[in-house]
Structure formats: C-alpha cells, structure tokens
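Could you slot chains B and C with the ligands onto chain A? The hints should help.
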Amino acid sequence: MNFEFSEEQNLLREQAGGFLGDHCSTKVVRKILDGEESYDQELWAKVVEMGWTATVIPEEFDGLGLSYLELSVIAEELGRAFAPLPFSSSVYLATEALIAAGSNGQKEEWLPKLAAGSAIGCFAVGEGTGQATPKSLTTSADGNGVSGSKIPVADGDIADFVVVIAACASGDGASAYLVDLNQASVSREKVNTIDPSRSHAKLDFSSASAELLGNEGEGWALLQKIYDRAAVLFAWEQVGGAEAALEMAKEYAMGRFAFGRPIATYQAIKHKLANMYVKNTLAKSNCYYGAWALSTDAAELPIAAATARVAAIQAYYFASKENIQTHGGMGFTWEFDCQFPYRRSKLLSVNIGSEATWQEKLIKAIEEDQAA
Amino acid sequence: MNDPTEGSVREEVRTWLADNWDPNLSLVDWRNKLADSGWGVPGWPKQWYGRDLHAVLASTVEEEFAAINAVGVARTGIRMLAAATILEHGTDVHKKKFLRRILTGEDTWCQLFSEPGSGSDLAGATTRADYDGEKWIINGQKVWTTSAHHADYGLLLARTDWDLPKHQGLTYFILNMKQPGVDVHQLRQMNGHASFNQVFFTDAQIAPQYQVDEKGAGWKVAMTTLAHERRGAGGLGRANHDSGLTGPIYEEERKEIATVMEPYKWYPQRAGRVDLALPRARETGRIEDANVRQEIAKLLIMSKSAGWTAQRARAAQEQGMPQGPEGSLSKLAASNVARQASRVHTLISGADALLTGSDGAMDGVIAEILVSVPATSIAGGTDEIQRNIIAERVLGMEKEPRFDTGPFKDVPKNVT
Amino acid sequence: MDFNDSTEEATFRQEARDWLKANEPTEAELEGLDGIEAAKLWQKRKYDAGWACIRWPKEHGGRGASAIEQVIFGQEESKFDTPEGLFTIGHGMCAPTMMAWATEEQNKRYLPKLASGEEIWCQMFSETAGGSDLAALRTRAEKDGDDWIINGQKIWTSGAHYSDYGVIVLRTDPTAPKHQGLTYFFIDMKSPGIETKPIKQISGGANFNEVYFTDVRVPDAHRLGAVGQGWQVAITTLMNERASIGGGGGGVNFKSVFKLAQTVNIDDEPAIKDKSVRRRLADWYIQESGLKFTGYRSMTALSRGEIPGPENSIGKLVGAPKQQDMASFALDLLESSGAIWDPELSQEAGMFQATYMASPGIRIAGGTDEIMANIIAERVLGMPQDIRVDKGIPFNEIPTSNS
Ligand SMILES: Cc1cc2nc3c(=O)[nH]c(=O)nc-3n(C[C@H](O)[C@H](O)[C@H](O)COP(=O)(O)OP(=O)(O)OC[C@H]3O[C@@H](n4cnc5c(N)ncnc54)[C@H](O)[C@@H]3O)c2cc1C
Ligand SMILES: Cc1cc2nc3c(=O)[nH]c(=O)nc-3n(C[C@H](O)[C@H](O)[C@H](O)COP(=O)(O)OP(=O)(O)OC[C@H]3O[C@@H](n4cnc5c(N)ncnc54)[C@H](O)[C@@H]3O)c2cc1C
Chain A
1 MNFEFSEEQN
11 LLREQAGGFL
21 GDHCSTKVVR
31 KILDGEESYD
41 QELWAKVVEM
51 GWTATVIPEE
61 FDGLGLSYLE
71 LSVIAEELGR
81 AFAPLPFSSS
91 VYLATEALIA
101 AGSNGQKEEW
111 LPKLAAGSAI
121 GCFAVGEGTG
131 QATPKSLTTS
141 ADGNGVSGSK
151 IPVADGDIAD
161 FVVVIAACAS
171 GDGASAYLVD
181 LNQASVSREK
191 VNTIDPSRSH
201 AKLDFSSASA
211 ELLGNEGEGW
221 ALLQKIYDRA
231 AVLFAWEQVG
241 GAEAALEMAK
251 EYAMGRFAFG
261 RPIATYQAIK
271 HKLANMYVKN
281 TLAKSNCYYG
291 AWALSTDAAE
301 LPIAAATARV
311 AAIQAYYFAS
321 KENIQTHGGM
331 GFTWEFDCQF
341 PYRRSKLLSV
351 NIGSEATWQE
361 KLIKAIEEDQ
371 AA
Chain B
1 MNDPTEGSVR
11 EEVRTWLADN
21 WDPNLSLVDW
31 RNKLADSGWG
41 VPGWPKQWYG
51 RDLHAVLAST
61 VEEEFAAINA
71 VGVARTGIRM
81 LAAATILEHG
91 TDVHKKKFLR
101 RILTGEDTWC
111 QLFSEPGSGS
121 DLAGATTRAD
131 YDGEKWIING
141 QKVWTTSAHH
151 ADYGLLLART
161 DWDLPKHQGL
171 TYFILNMKQP
181 GVDVHQLRQM
191 NGHASFNQVF
201 FTDAQIAPQY
211 QVDEKGAGWK
221 VAMTTLAHER
231 RGAGGLGRAN
241 HDSGLTGPIY
251 EEERKEIATV
261 MEPYKWYPQR
271 AGRVDLALPR
281 ARETGRIEDA
291 NVRQEIAKLL
301 IMSKSAGWTA
311 QRARAAQEQG
321 MPQGPEGSLS
331 KLAASNVARQ
341 ASRVHTLISG
351 ADALLTGSDG
361 AMDGVIAEIL
371 VSVPATSIAG
381 GTDEIQRNII
391 AERVLGMEKE
401 PRFDTGPFKD
411 VPKNVT
Chain C
1 MDFNDSTEEA
11 TFRQEARDWL
21 KANEPTEAEL
31 EGLDGIEAAK
41 LWQKRKYDAG
51 WACIRWPKEH
61 GGRGASAIEQ
71 VIFGQEESKF
81 DTPEGLFTIG
91 HGMCAPTMMA
101 WATEEQNKRY
111 LPKLASGEEI
121 WCQMFSETAG
131 GSDLAALRTR
141 AEKDGDDWII
151 NGQKIWTSGA
161 HYSDYGVIVL
171 RTDPTAPKHQ
181 GLTYFFIDMK
191 SPGIETKPIK
201 QISGGANFNE
211 VYFTDVRVPD
221 AHRLGAVGQG
231 WQVAITTLMN
241 ERASIGGGGG
251 GVNFKSVFKL
261 AQTVNIDDEP
271 AIKDKSVRRR
281 LADWYIQESG
291 LKFTGYRSMT
301 ALSRGEIPGP
311 ENSIGKLVGA
321 PKQQDMASFA
331 LDLLESSGAI
341 WDPELSQEAG
351 MFQATYMASP
361 GIRIAGGTDE
371 IMANIIAERV
381 LGMPQDIRVD
391 KGIPFNEIPT
401 SNS
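Protein chains in written order, with this note's numbering: chain A, 1 to 372; chain B, 1 to 416; chain C, 1 to 403.
Keep in mind that the hints were calculated from the coordinates and are not lab data.
Certain hints may be false.
Unchecked claim - Below, a list of computed lysine-lysine pairs in the DSSO-like style, where the Cα atoms sit at most 27 Å apart:
#, chain 1, residue 1, chain 2, residue 2
1, A, K364, C, K275
2, B, K409, C, K391
3, C, K275, A, K135
4, A, K364, C, K292
5, C, K391, B, K298
6, C, K259, A, K364
7, A, K364, C, K273
8, A, K225, C, K292
9, B, K95, A, K190
10, C, K391, A, K364
11, C, K273, A, K225
12, C, K391, B, K399
13, C, K275, A, K225
14, A, K364, B, K298
Stated by the list, open to error - Facing chain B, from chain A, some residues (calculated, C-beta under 7 Å):
#, residue
15, F259
16, Q325
17, K346
18, V350
We treat Cβ as the ideally placed atom computed from N, Cα and C, and that holds for glycine.
In isolation and in its complexed conformation, chain A is listed as follows:
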C-alpha cells in the first residue's frame, strides 16, 4: 500500500504553496476582483515560467511529461490561493481535450504553445440556464463552420482558441471543434459573474472556421472523458480552497472575543469547524483516489472522478459559507477575504456540471460497473 504522494511530490507542494504565498496573496486576488483585468498576467507569466502549464504535456510537444499526481498537487495549491488565472480552462480542459482527441497536427500546433503559456485555451459547452445535453445544444457546424452562442465560457474573453461542443445529427449527438478565437466570425463579450476574480465570456460564432477535434458524432463521449479527468483536478482545487476557508475561520475564531471569551471556546463554533474538518478530510481522501485513478488511467476513473468531485463540491461550499458565519458581520463585508472562497466555491461547483449532475454520473457509473 502506498496511498500517499511521493517525497518529490510533497516537495513540489511545498514549493508551490510557498510560491503562491509570496506571489498570490489575497491582495492579488482582490486586485482582479476589483479591477478590469481578466486575470493576473504577471502571476500567469511566473506560473508558466515554473512550468506548471506544461506539467502533463508529453515531452515530444515541449511539455514536462510529468504525471497527474504532480498536476493534482499544483491544483490543490492554486485552489488554496484562489488564484485568479485561466489555469483550469487552459490546462484541465483545453490541454486535456487536445491530448485526448487531437490529431498529430493539432497537437503540434497547440500543445507546445499551451506548454509555453503563449496560448491559452478554453472550453465551451453550456448555452444558458440549466444542464447542457446533446438535445439541448443549438450551436452546430456545417460546411461553412460553427454557428451559435456559448455562455458562460470561462476565460473565453482572453483565450486564443476554444474547444466547442456542438450539436451533430449523427453519432452521440455532438461533435467537438477547435476554433481559433482570433477571427472575425467570432465575437466575444465579457460577462459578469458571481466570481469576478475569474473571467467569463459569451462567445458568438457565425460560420466561424473550425477544425473537427476527434471524430464526428463522438463529441459527447469525448466531453465525458475530458470532464472525468478535469473533475479530479477541479476537486483538488476545491479541496485546497476548502482547507483555506477552514484555516481562515480558525484563525479568526481564536482571536475574536464575544461575551468575554474567544468565540473559539463556544461549541457552536468548535463543532462547526470540526464539521468542516470532517468534510474536508473525506473530500481530500476521495481526491487521492481520483488522483490515483487519473494518473494510472484506471478503469474506475468515472467513479473516482465523480466521488472526488461531489465530495469536494460539498466540502468547499460548506466550509466557505460557515467561514463567513464564523466571522459574523465582518465576514459579509467587501473588505474581508471571506468572499473569495464563497464565490470560488460556487463558481467551481457549477463550472463543469453541478453537484446533481455528478451525483447522477456517479450512480450511473456504479450501475455500469455492476452490470459489467
């Protein structure tokens, strides 16, 4: 049994944590939240320099060829820092889509740029309220290219290309397309979201020139595959954030007095924090499982991913809301940092399919596993 990160991986975690502590304090997050910038370009440049965007890209495409365990470690630390970066879109989604389904030419064109951070990718599925399904999609492709609208697209305003899931009459009802965003037939417009420290856009395609990614009519299956992989990495970010929220709550509770005693001496507060710890620990252990399944391409990945994802959604939401509660009125002010985990927890929980979607995926995967 070796269900632990290796010494090198733990070292990487320490380095990443230290680096983000120095360069991604909540002041940096606040700057993006309050300002017009979509992400922190300076921080992005440094993250790229550290090679984080290249982590799992194979060496033949100028990547580092490291494993998903390393990427999990980085994700956890980015989550802990509420990093205002397009990392999840570009690395967990766009890079994964290319690795999973890109032709050699497509990989050669984009992967080295993704690794070097000179290109940022994003991923577009949803088209407004509710769950997206092959039947609900209206964006589609014909001989002239892709047409339709996608909203919200994380980092759609600043990305260089997008992977679009479009409706398709054959196969599983969808196809994936690679669309260069620097063309006139795509218009993009930044949209306001619940977490302004992570930018989102509405993308309108009118016969935008596009390349098929993978096979026609296999887009929905590809999407599931990418989501399963991304879910593990999202879950690590969420767990990192949940732990940060617990840490914030603890620190405040120890120093805040009410009725002549620190509020940390009230069981209402102690048990609240103990519950956060329990949820965080369960979620983290499930993330270990997810990381293992992802790094070994295990057949259990769909189950492991859904397990990690649901646990992480629940833990982060709980920790972030109870952190505000622990802070009392001050927790609800703009000035305090409690808003960061609260905003981010909801953003990450609806970004690649919400809690209900993943609960359903989990049970379906267990049913399939049982039938097999």
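Quick look at chains B and C with the ligands alone, frame taken from chain A:
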C-alpha cells in the same frame, strides 16, 4: 363621554378627512395637520400628536385613509423606533423637539448600536461618552449603520462607566449627526452593495439634556428600541395607497420612500426569493426533475411553516400577549429558508447562476441571491445566538458560564 | 501512488490468506456452539498457529508483526465469515493498557491467555454519574493493608457477564480535584462481592450490564500506575478504544441500500430510478469512499513506519450517524413493511431494522458524537478547551446531577 367604538371612530375620521384631505398640500403641511389633529398616529397619547386609541381602532383609521388614498405620516427607516423609544423613555424636551419632525418626515434618524468589536455581544460596546462638566464627549466607532449618511439624529448607545459590569455602564443618547466630530463612511458588503455605514466619533458632543433616561440605563432603553425593531416598527414603511396616483404630494412621498428603500433593495434576495422557485423551475423545464421537485417541496414546506409560526406569534401579540423569544424561532427559520432557497436556485439554474447583472438569469437576480443569502444568518443576531436564546429562554436551559460579569474594563475583549 | 503491496507485504498477505483458507472453522465444527464458544474456538486456533494478536510481542502471545501486517491480516480475515467481536475490548483496549502499565510478570501471566481467547476481559469505566465525563466517576476504593476495598456501581459494561477480568477506574481520593483522585486497577470478575445485572438495550439485546461492588477486594499488586494516576492510565485505554471502534463497516452500507433500491419500487419503477434516491445514495457512497481512502492514507503511514495523522479520528463521527441515516432511509424505502422486524419476513433477515435500532448506541459508545467533535476541534485543530467549571475544585465540592 362614551368610549369610542369602531363606528364612532370611522364616522369621525371620515368627516375629518372630508374636511381636510387635500392632495395639493405639500407633504410637510399635510403631515403637520395630521400631527395637530392626532389622526396621523391615533394610537399615540393625546398629548403627543395622537388620540389614545386602541390598536384595533387605530387600524380602522388606517382603513379610512387607504380608502381615499390619503397620505399618512412618515414611517420609514429608524424614525419610528426613535419615536417609540422617546415616547417611552424620553423627557418632554425630547418629545417636543423631535416627535413632530419625525412624523412630518423632516428629520431622518439612524441607530448607532453595533460596533466592530460588539455585534452579538451588543452590551460589549466600547464607544465612550465622557462628561466634561458641561457636555458629553463621544469617541469611538459604530458600524452597520443604515442611513447614517443622510441622518439628522442618531440613537446612540455609549459607555459612560468602565468600572461597572458591562450592562450597567451604558447610557443612551440622542446624537446630532450634523456636527464636525461625526464622520460617516460607506461600508461595502460582499455582494457589492453599500447599504450601510461606519460612523467614527472624534470628540463629538452631546448636550446633557439629550441623555435618554438615567445614566447607566442605556441597556434598558436599547432593549425598548430593539423590541420595537423586532416587532417590525422600523424599516420598510409602505405607502398605503396604490402607485398609479399622480399629484405633488404623492410624488413627494414616493421620493421619500425611494431614498429610504435604496439600501434595502437587495433584501428580498437575501431572504432567498422563495417566490421565484416554482416559476423558475417551470420556465426552465427543470420542474420535471424529481430532485428539483423534492427540493422545492422542502423549501415550500419550510417557508410555509415559518410563515404560519410568524402568524401565530403575531396573533398572540394582537391578543395583547407580550412579544416573547419566539422571534428567534422566526429568525432562525428565515435563515434556513434562505439557505434552502439558494440551494434550489443553484439547482435550477446550473452554470447560469454564475452570471450577474444583465448577463445573468433574471438580470442577475439569481446570482445576487447566492451572494446575499449569507447575510441572513448573521444580520440582526446570528443563528448561533438565536439557538442560544431558544435554548435558554424558550426551553429554559441553563446559560453558558459567563466571564463578562465583572467590571467592564477587566472583561477580555478585542481592543479597537 | 498505488494500492499494491510491497513484495514483503504481498508475501505476507499470501501466507495469511493460505492459512485462513486452510483453517477457517467448518460448519460442522461450529455446529451446536453458541457465539461465545465459537469465538473462543476460532481464537484458540489462531493463537496455536501464531495468528492471534499478531502485533503483540511473541512473549505476550503475539507474533511480533508490524502494524501494516496487522492491517493486512485483518483485511484477509474479514473476507472469511469467522466468529468475531468477543475480544474487541480485551485485545483492543485492555491489552495495550496492560502493556503500557503492568509489570512484565503480569503481562506474561495475563496477555497470552487473552490472546488465546481463554480469558475474556471487559472495561468498567462508565458510571451513571459519568460517561462522557469519565473523571466524574464515584465508585470508591479504600486502602486496607495490601488490598483495596471497592464499593459502588459501574454501568454499560459490555460483556461483563461473560468476562473473566476487567479494567476499572476508581476514586481513591474524593478530596483531590477530580482528575487527580483516580486510580486504575485490573480485577478478577469472579471476586466475591461483584454482581452483574444485564441491561436490556432498545435494540432488544442485552449485551451490557450494571456491575455492583460490595466490599470487593482487589490486591494492590493489580494497580496499574501510581495511586492518583488513574486518569493518565485511562487515557491509554481510551485512545485505543477510539482507534478500535473505527468506522464500523458492517451492517447497513452503500451496497446493501443500493441493492434494496434496486428491488423495491417507487411509482411502479425500481426505486433506484428515482433521482432523489440516486442523489442520497451518491452522498453515502462518497462518505464511505472517503472513509475507506482515509483508512488507506493511515495504512500508508503505518506501512512507512509512521504514526497515522489526525484524519483517523473522523471514522466514528462519520460512520455512526451514516449507518443510522442509511438504515432509516432503507426503512422508508420499504414503506409500511419497513416496520416489520422478523428474521423470516424482513429484507436481509432484519438487518435494516437491527441497524436502525443499534445505531443510536454506536453514536454514544466509546465517545459520543459531541465528544468526538470536541476532540477534533481541540486536538486536531488546536482550538481551546471548553470552559470548565470543575477545574481545580476538590471532587466532593463539584456540582453533580443527582447527589
Ligand atoms: C447585512 C447586515 C446588516 C446589518 N444591519 C445592522 C443594522 O442595521 N444595525 C446594527 O446595529 N447592526 C447591523 N448588523 C450587524 C449585526 O447585528 C451583527 O453583525 C451580528 O449581530 C453579529 O455580530 P458580529 O458581527 O460582531 O459577530 P460576532 O459576535 O463576532 O460573531 C462571530 C461568530 O461567533 C458566534 N458567536 C458569538 N457569540 C456566541 C455565543 N455566545 N455562542 C455561540 N456563538 C457565538 C456568532 O454566531 C458568529 O458566528 C448587520 C449585519 C449584516 C451582515
Ligand atoms: C452500546 C454501548 C456499549 C458500551 N460499552 C461500554 C463498556 O463496555 N464499558 C464502559 O465503561 N462503558 C460503555 N458504554 C458507555 C459509554 O462509554 C457511555 O455511554 C458514553 O461515554 C456516554 O456517556 P453517558 O452515557 O454517561 O452520557 P453523558 O455523558 O451523560 O452524555 C449525554 C449527552 O451529553 C453530551 N455531552 C456530554 N458531555 C459533553 C461535552 N463536554 N460537550 C458536549 N456535549 C456533551 C453527550 O454527547 C450526550 O449527547 C457503552 C455504551 C453503549 C451505548
């Protein structure tokens, strides 16, 4: 003279309105007439702008005003809390100086209770009032003060004795907000709105006659203010006539209400917007999903039982029973309802719940719900405090051991 | 990161598995034996072959195996349907306390017989006056020559009625502050003056007892630790208790409720098709999986020769309420037939009903949910202790419920 009956009161107010109501009067002129006649606040004492009528008869009067769309006295904001407190604890000087201008709407009030260091523990206030032989000198800071930026007067709770136990060293004052020692800064909340203020005092002054009740009686007086607040006397006074009416007096009144309402415009969102759950589920088709149905059912059950519980409490009060700690139950229920509503809205909207402003579902209302709901379980007494109140005062359980009963200066606290 | 055994671990696992396969008691062997006899038979067999209490040193009846080997053996043994449970308290809690505090001669005398199952031990800590607040106990011991004389009453003692020995905490100085007036002993349950009365539980079983002491003599030589040091010794036992009670994987779990949901209907369709049933199940699955992998993380620490981190402390706090909720949910799924509790008529021979009735006890025994939450807040998160009103006061001046 016979005791007034519903019939006699109705008759009398009708006649008076027929003779006096004139929508072309200015708002202040009309309300001065109301103050002089006692019809504006018929439940108040005769001596002070009222008619000593029982609450039931006072509502008869309101009906008659509503029937002809006659405008009433100013009721919005903190002013009615100020009035109630002054009526109960104030001197004749206070009553004479303040009550009429409260009713006419000429003066605006705010409540200076919460501090950065004392919210749940309101009696832990550290804003100080020191008597220099002629006047009180105020130093310290208040927070969460609605309307402070345009208020004329504030109801201030300040510490006048640091050697006494904390509840005994507080005194209640009326503070003139328009003076050099009072600095008002906006406080921005997590949801982006700035509905409140921080108020800083640097040697602000209060003349001795604006102390309310005894020195050291501040906590008792503040309890009166809070009891009226819980009873819903403050806040969102509504116009009692429909909105289509035109005419100068209506315009004036609408403007008055809009100003007061401004800070509260996100309040429906903070309560979770239960009303939107079913329509949204239908509109998006998510109503077909068994989960969504169950969660909405749960929400409606919670919200309905909260509503009925509140109604029982109200009915009991109308029967003349004192308001009890059951208010805590409603407060706690409201938090639970708000959280469940937020859950339902996320479930229905999916990723769309993220979008704020005009990009978002229902122009961002859904997103605003998500970022506003956390306030419900904090503002006006946190959930934890409500549970303590229920345990101690409703169930009769023992209090937690206390460490703040000695001289206030020795009580462990955050120093600000 | 992998789930694989190291080479040595794999060899050990294979050895254990082979032995278990060859030596598992047959139905014929168990025929006619009651639960206690069956458990003793199996324990003796393991002991004779060197597979009992394998973590213990050889001279105490064990195998001198490593912590990870113990986990591996436990995993393998749990795959067989062997009689178990009887020795949990003795092996899991009493023995580690003996090893830490008894003399070498005592350990040589008592531990091998405990390992072999010839002697059963129980734990007499709780009293009506103190369960969570163990140090509030009042049962007295007074020195009389080389003996101590015990008077008072213990309660909730699991297995007292069939135990040979028991560990016990007693008050030896009522004028000292409460944690300082306690002394710890082990005691022969057949001593004159001990009377056990079974308590019927809400689950119908009667596994625990009231134990009455009337002038019971225990030799001073059976004292563990110094006079007045009983609290520290008790901590040794309690730390081991929480580790051995753990998550409680048995009884109702995801698998059994999932299966049930496939067999019963909601609106003429299998319940498993109902979205809200699926969501509930998903939540329990992730809790179970979270506990399982938390266990794996601890095992990894053990396998590296490290001490598992604090994440271990959550097992009981998560596991016990989860069992209760799942059992309750299962009964709801069964609709009106959920009320039937009959091995012949009920699904799974009444397991859902049995768990529903037993789970309240699991949330109390060995530290209630609230106490576990306190422990996590204080020891794991480093938050301050509860405000105490009983600190430093002589025990006989502390306010109590019923004196
Ligand atoms: C949106 C909003 C509007 C507000 N409006 C007003 C207003 O109009 N006027 C006004 O005066 N104030 C207002 N407030 C302030 C509000 O009343 C206080 O924030 C609230 O009472 C909590 O006090 P606190 O912020 O000091 O938190 P603290 O008292 O510091 O509480 C921090 C945490 O400790 C817990 N805690 C404290 N004491 C105990 C205890 N004894 N047992 C268990 N747990 C405990 C609390 O529940 C909370 O979780 C508003 C606050 C908000 C967020
Ligand atoms: C099935 C079963 C088997 C058992 N077997 C044994 C055994 O073999 N040997 C033995 O010695 N004992 C045994 N016990 C007893 C068990 O250890 C006690 O019941 C347990 O420690 C709780 O103590 P109590 O019953 O006195 O409850 P109390 O301590 O009176 O607790 C009552 C309630 O108050 C809460 N509470 C108490 N203190 C605090 C606090 N500080 N903060 C917050 N909440 C608090 C508790 O959580 C609980 O909800 C067994 C119990 C059960 C149910």
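query = Should the hint that V350(A) touches chain B count as held when the rule is a Cβ pair under 7 Å?
reply = With a minimum Cβ separation of about 5 Å from chain B (threshold 7 Å), the hint on V350(A) holds.
inquiry  = Need the status of pair K391(C), K364(A): alpha-carbon distance at most 27 Å?
reply    = violated (55 Å)
query = Going straight from one Cα to the other, do K409(B) and K391(C) come out at no more than 27 Å?
reply = Since the Cα atoms of K409(B) and K391(C) sit roughly 25 Å apart, the hinted pair holds (cutoff 27 Å).
task = Sort out whether K364(A) lies within 27 Å of K259(C), counting only the CA atoms.
result = holds (14 Å)
key: Hint consistency between K364(A) and K275(C) [alpha-carbon to alpha-carbon, up to 27 Å]   = Holds, because 11 Å separates the two Cα atoms, which is no more than 27 Å.
key: 27 Å limit on alpha-carbon distance, applied to hinted pair K364(A) and K292(C)   = holds (21 Å)
query = K364(A) and K273(C): Cα distance at most 27 Å?
reply = Status holds; Cα separation ~10 Å.
Pairwise hint evaluation, K292(C) against K225(A), where the allowed Cα distance is 27 Å at most = Satisfied, since the Cα-Cα distance of roughly 25 Å is no more than 27 Å.
query = Taking 7 Å as the limit, does the beta-carbon of Q325(A) come near enough to a beta-carbon in chain B?
reply = holds (6 Å)
ask   = Between K391(C) and K399(B), is the straight-line Cα distance small enough, at 27 Å or below?
value = Holds. K391(C) to K399(B) sits at ~19 Å (cutoff 27 Å).
27 Å limit on alpha-carbon distance, applied to hinted pair K364(A) and K298(B) = Status holds; Cα separation ~25 Å.
ask   = Holds or violated: K95(B) with K190(A), Cα cutoff 27 Å?
value = violated (56 Å)
Hints 5, 9, 10 from the list above are not met by this structure, while the remaining hints are.
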